[in-house]
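Colleague: Each chain, written out:
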Amino acid sequence: MASVTLENVSRMYGAITAVDNVNLKIKSGEFVTLLGPSGCGKTTTLRMVAGLEKNTGGRIAIGDNVVSDSEKGYFVPSERRRLGMVFQSYAIWPHMTVFDNVAYPLRIRRRPDKEIQDRVMNALRLVEMEQYAERPSPALSGGQQQRVAIARALVFEPEVLLLDEPLSNLDARLRTQMGDDFRALQQRLKITALYVTHDQAEAMALSDRVVVMHGGRILQVGAPEEIYRRPENRQVAAFFGTPNLLNATVKDCRPNGGQYYKLSVEGQGWSGDCHAATEMPKGADVTVMVRPENLHVRDAGQVNGDLSWSGEVSQAIFRGSHRSIMVKTPAQTLHVEASSLSNVDIGRPVTVAAPVEAAWAVRN
Amino acid sequence: MTTNTSMTSAIQKASAIQKWSRRVFMAAAGSLAISAAAGLPALAQDAEWQKVIDAGKKEGSLVLYTALVGQPSTKQIAEAFTKQYGISVEVLEARASEIRERVRVEQAAGRFAADVMFTSEGQTMLYDKEDKSVDPLPVTPNSQKIGDKFKLKVPMASVMTIPYGIMINTGLVKPADEPKSWKDIADPKWQGKILSDDPRAIGAGYLWFFSTHDKIGEDYLRKVASQKLVFTRDQRESQRRTARGEYSIYMPVIMTDFSDLKGLPVKFIIPEEGVPYVLYGTVMLKKAPHPNAAKLYLDFMQGPVVQKIYASLGYGPVLPGMTEGLPADVKAISEAKLYGTTDTTRQNEMLAKSKDIFK
Amino acid sequence: MTIIHNRPLDDIAETAPTIAGNAFTRAFSGGSLWRLIGMLVLILILGFLTIYPLAMLLYGSLHSTPPGMAGEFNLNGYRSIMTTQNLIVLANTIGISLAKTIPSLTIAVFLAWIVARTDTPFRGTLEVLITLPFFIPPILTAMAWGMLANPQVGVINMVWRWLTGGTDPLVNIYSYGGVIWHMCQYSIPFLFLFMVDAFRAMDPSLEESSRMCGASRWTTFRKITLLLMLPVLTSSFMLSFIKGIETFESALFFGLPAGIKVITTDIYESINHRATPDYQYATSLSFAIMGLMFLLVIWQWWMLRGKSFQTVTGKGFRPSVMELGPWRWVTFAFCVLFFFVTVVLPIGQLMLGSFFRFFGFYTYDMLTLEHYRSVFANSEFWRAVRNTMMLGLLGATATMALGAIVAYISVRTRWRGRNLIDSMAWLPWMMPGMVLGVGFLWAFAMLPGPIPIYGTIWALLLAYIALGTPVSVRVMTGAYHQLSYDLEECSRVHGASWFQTMWRIMVALAWPAFAVGWVLTFFGIMRELSASILLYSVGSETLAVVLMKLWANGNAEQVSVIGLMMMLLVIVFRWVQLSFIKARISKL
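Residue numbers (this note's numbering), protein chains in the order written: chain A, 1 to 364; chain B, 1 to 359; chain R, 1 to 588.
Okay, chain A solo, but in the shape it has when bound (with noise of 0.2 Å):
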């Protein structure tokens, strides 16, 4: 398994920029996660990683070979750089049979048949498909399809593994379970793995990295909880969930001893503390997120925390694992995940409230 290496890649359509600056480094045996929004340049960035477009600006490095660098007219064909893909179509062959279609990369590199019954079975069985390995392939379910994918992308052992919305096409629960599956078979063998999907919670529960993008630009990278618990601005913060995103000034910012410093804002009607990644100045205006889940409705003037908001229930939803509750407070509506046990009313003058720690303010 290799590393990945991006530097400053850039893709160009014409006059559009599809990929702007890129730079990225995937480590060996690292799952990565390129997020976004459609249109952000996310699958384009993989499909240079895997020589199918050509990037017009920057390097591309695989392991210790570059690949492709613009400047040098450097470029090696998708065939040669010993890549799995898994497409977000399958992209399984119509003609062949299950087998045929994972035995593709052995018999283009004119591996012996022995090789080839053995490790095609074997990547069958990794995917638990064993069984249907002489089936044609259009007679798979969608399913059974991306594991024929993953396990022909799997079959001859490649450098890097990359993954096109591969589980897009299945339904919820299906997805859960390929995403576990796979993220469990990625970590027994250490392929480092380039994924792309514009579904969050997938690229959370995937990830060792998550890479933000947007408008062809990295937005941030990090790891998952990371990105999701202190994003850099405005926009990643806004791209996870549907988070409450309040305006509030800088009131006092000293440093909390860690990593971060300790604010103290004030919003319309409302104040508190919250931490930040940089220093601020005193007056800065500021976005603080606080996220659904992290707030707790209390009856009104009850006040058990670093941020209270005080309104009135405006809406509450059942959703089964819990009840969205909107909370009309002076500032703006808040969201509220809370317990689908909890049992409001609307209309009910309530409290929301929030811990220091779920509270993260980034520069407006």
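Since the hints were made in silico from the structure, they are not lab data.
Beta carbons: idealized from backbone N, C-alpha and C, even for Gly.
Some clues are possibly wrong.
[As the list claims (entries may be wrong)] As a list, the in silico EDC-like pairs of lysine to aspartate or glutamate whose alpha-carbon atoms are at most 16 Å apart:
#, chain 1, residue 1, chain 2, residue 2
1, B, Lys308, B, Glu324
2, B, Lys174, B, Asp184
3, A, Lys54, A, Asp69
4, B, Lys262, R, Glu370
5, B, Lys337, B, Glu273
6, B, Lys262, R, Asp365
7, B, Lys75, R, Glu380
8, A, Lys27, A, Glu159
9, B, Lys183, B, Glu272
10, B, Lys355, R, Asp266
11, B, Lys267, B, Asp257
12, B, Lys223, B, Asp184
[What the hints assert, rightly or not] According to the in silico footprint, chain B covers these stretches of chain R (three or more CB under 8 Å from chain B):
#, segment
13, 58-71
14, 134-148
15, 348-359
16, 442-454
17, 531-538
Add chains B and R to chain A, keeping to what the hints say.
Modeller: Chains B and R alone, transformed into the frame defined by chain A:
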């Protein structure tokens, strides 16, 4: 796959009383060796000819191009030639315009592939005058023996004539009503019942148009034109259509095709005036790779073996006395009076006239 | 954990990445140099096959004499075609071609849909049978129809008169209708063959989703099925329409007696029925037509630009058929009727006639096997069969390979020059066969002496490849338009080179189309006469040349025997091909 493979182009009318001097013509053609040979006494000529035979046998093969497509006689003759001289014959057949263009282009590109060409008098004139792709005619033993009217100005060794007549469906035409002459075609009773080869394009119909125009006159043609003729361009299919009863009369028909239709309710009629004809013959192509074999073939075509083969098929031989002992029906066609043929130099004028009359 | 924003790579690289290989391999590594060379080779091949003969013809149209003769350059050819008469003939020709193309296309689409997408009984057998007329030499079907539908003694009219007691004929083949009908006999099977696999390869979910959106079956057919078929439909339309403009036999047989003139009979006359073939006139007229035809190609580019027609995706689908219920017997009846009228009637005549001494005279004493005996005993025939088989196998394979590559580049890459090769591949289709044949003659004969093409069997092979390329490119273009890019990219990523991908994925997936194209090309070669007669050499006669000789000698019955044998060959070919497809589908 088409029409009128044999009759293809206008032909210089050959006058029977033409005084034709071989010696003068040869000299004009500028072939010194041949004119010298022509002047030698008979014995020396025989010796000369023997040399040609030896050289031809040494060449061993011959490439024949023919514009007469699909005739089994071509192969029959080639086999007879091979039998006599031990020279193999390779035959390439294509329709007149196609084969002419092939020869022209081959020669222009310096590929002299063919030795002799079997084609019509009119085409020969074009080969000679326009393409300049033929050699002057050699003197051969048989070339002096053919009928005088077949000794031509153009460098073609005449071989046979293809006669054209009238065909009727015997189921539709009572014996008493049968047309006897070309003039009978103009009888109003045939209105809408005549299938005719298209006279507005080079072919059999045009040949009929040309000869009757000169011999009978334009009024006759205008009368025929008012008969509501239906035009076609495929001899063989038209013969069949008439046989099946679509039309009472088909004209002009290639008379020699009669043998292929034996057993069908049709009758081939030799018009009283005579048969318009096309004269076919052999020409020597320029820079022939096997010139001596080519001379032998030219001579062979005018000899009794070939002449008898053609006469037995109903073609008019150019060597006298070849029709002896033939069945009466074949003999009649083979000996039919030659009526007239076309003249290449008047081509455009006559085609325009035909288009005017047969709108 | 390393978070980097726009910092130079060297700061973080554990080991500096290196560029492999030397300068030379690097120059090729991008693929651009290979691509350039490949494109150049392709352009050279196509140029030799299409541009070169056309250039000779262009010379012919601009020069007072054909190549190889002294003359001068002038525009007399073009001036002489500018007549009102020609304009009327042109309008007539276009009208006839439209009148045959539109119904043909409609019927062919309907038949393709019935065969590929419905549960009509015996559709597998019908698929082979309804295409048969296409493979019979036109002269034979013309003769058969002449016998069936002539106004005087045609079988159909005799039956009609007997039934009604009237005297007026029901049909007259020697008319506009007859010309169009005879052309339809060729264009419907051709279009059907051309389209049926596109229908078969379509993912039914694309149609199903339309139904789910509330569209009726008919609306779905119109708005989804047909639109997804747009590349194949427009290609079919153009191929058929252009061929209609150039069709010759039908007009000569059935049009001439009725005074119907088309452009090609005019061209034919100027070459074959004038004392001196007027090549300048013929070529000028052909180029004028070609110019008009090219507008159609531009129209197609404009129609298809920027749209995607990928119906075969990497997500497998189950090819499903529509269950018509009792209506399937209606579609079945339609197919049977079509089969009866276009196949049984004419081919029945040919088959019957081949056992009698003469066509149309079916009496006991005329019964004979002589025609079969003559054909089988004809050594020239067997030699021609060998030559034609060799040329057909080689030619069809080479043509389809070339077509596959050209279509691939023009549909699936963005390489510079792809439009150029695409249009080059169209060119031979736009020249009437008899003129193009002359172009090949001029082109191959005028090659410098040491290039041994003219006068060999290779001249025929090259001409056939050129003549077949338009169809092969169209067939493959339609197929490639349907394949999603993933299938191909996936192969590349997993280590297959471009050629391996072409062969194992693209050709393999497009192979039903490839096979149909192959059969079309193969039988195109078997039938081709215009170029063959000008290029064959002694010993390299083709079947078409032999057929022409037999016809000229009045052996129509023997021509039929050979025509029937060719048809038998078609059935064998198609059966093998279709049972292959079935074997694949039945596994699903």
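Colleague: Run every hint past the structure and note whether it holds.
Modeller: Structure-based check of all given hints:
Distance restraint check for lysine 308 of chain B and glutamate 324 of chain B: the Cα-Cα separation of roughly 9 Å lies within the 16 Å cut-off, and the hinted pair is therefore satisfied. Proposed proximity of lysine 174 of chain B and aspartate 184 of chain B is supported: the alpha carbons are some 14 Å apart, at most 16 Å. A hinted pair counts as satisfied when its Cα atoms are at most 16 Å apart, and lysine 54 of chain A with aspartate 69 of chain A qualifies at roughly 9 Å. At roughly 15 Å between alpha-carbon atoms, lysine 262 of chain B and glutamate 370 of chain R fall within 16 Å of each other, so this suggested pair holds.
Straight-line distance between C-alpha atoms of lysine 337 of chain B and glutamate 273 of chain B comes to about 8 Å, which keeps the hinted pair within the 16 Å bound. Between lysine 262 of chain B and aspartate 365 of chain R the alpha-carbon distance is near 13 Å, which keeps this suggested pair within the 16 Å criterion. Between lysine 75 of chain B and glutamate 380 of chain R the alpha-carbon distance is near 11 Å, which keeps this suggested pair within the 16 Å criterion. Pair hint lysine 27 of chain A plus glutamate 159 of chain A holds up; C-alpha atoms about 12 Å apart against a cutoff of 16 Å.
In summary, the hint linking lysine 183 of chain B to glutamate 272 of chain B is supported, as the alpha carbons are separated by about 9 Å, within the 16 Å threshold. Between lysine 355 of chain B and aspartate 266 of chain R the alpha-carbon distance is near 14 Å, which keeps this suggested pair within the 16 Å criterion. Distance hint between lysine 267 of chain B and aspartate 257 of chain B is fulfilled; the C-alpha atoms sit about 11 Å from each other, no more than 16 Å. With a C-alpha separation of about 11 Å, the suggested pairing of lysine 223 of chain B with aspartate 184 of chain B holds against the 16 Å cut-off.
Taking a C-beta to C-beta cut-off of 8 Å, the segment 58-71 of chain R contributes 4 residues in contact with chain B, enough for the three needed, and the coverage statement holds. Counting residues of the segment 134-148 of chain R whose C-beta sits closer than 8 Å to any C-beta of chain B gives 5, which meets the bar of three, so the coverage hint holds. Against chain B, the segment 348-359 of chain R contributes 3 residues with a C-beta closer than 8 Å to a partner C-beta. That satisfies the three-residue criterion, and the hint holds. Using a Cβ-Cβ cut-off of 8 Å, 6 residues of the segment 442-454 of chain R lie near chain B, which meets the minimum of three, so the contact claim holds.
With 5 residues bearing a CB less than 8 Å from a CB of chain B, the segment 531-538 of chain R meets the requirement of three and the coverage assertion stands.
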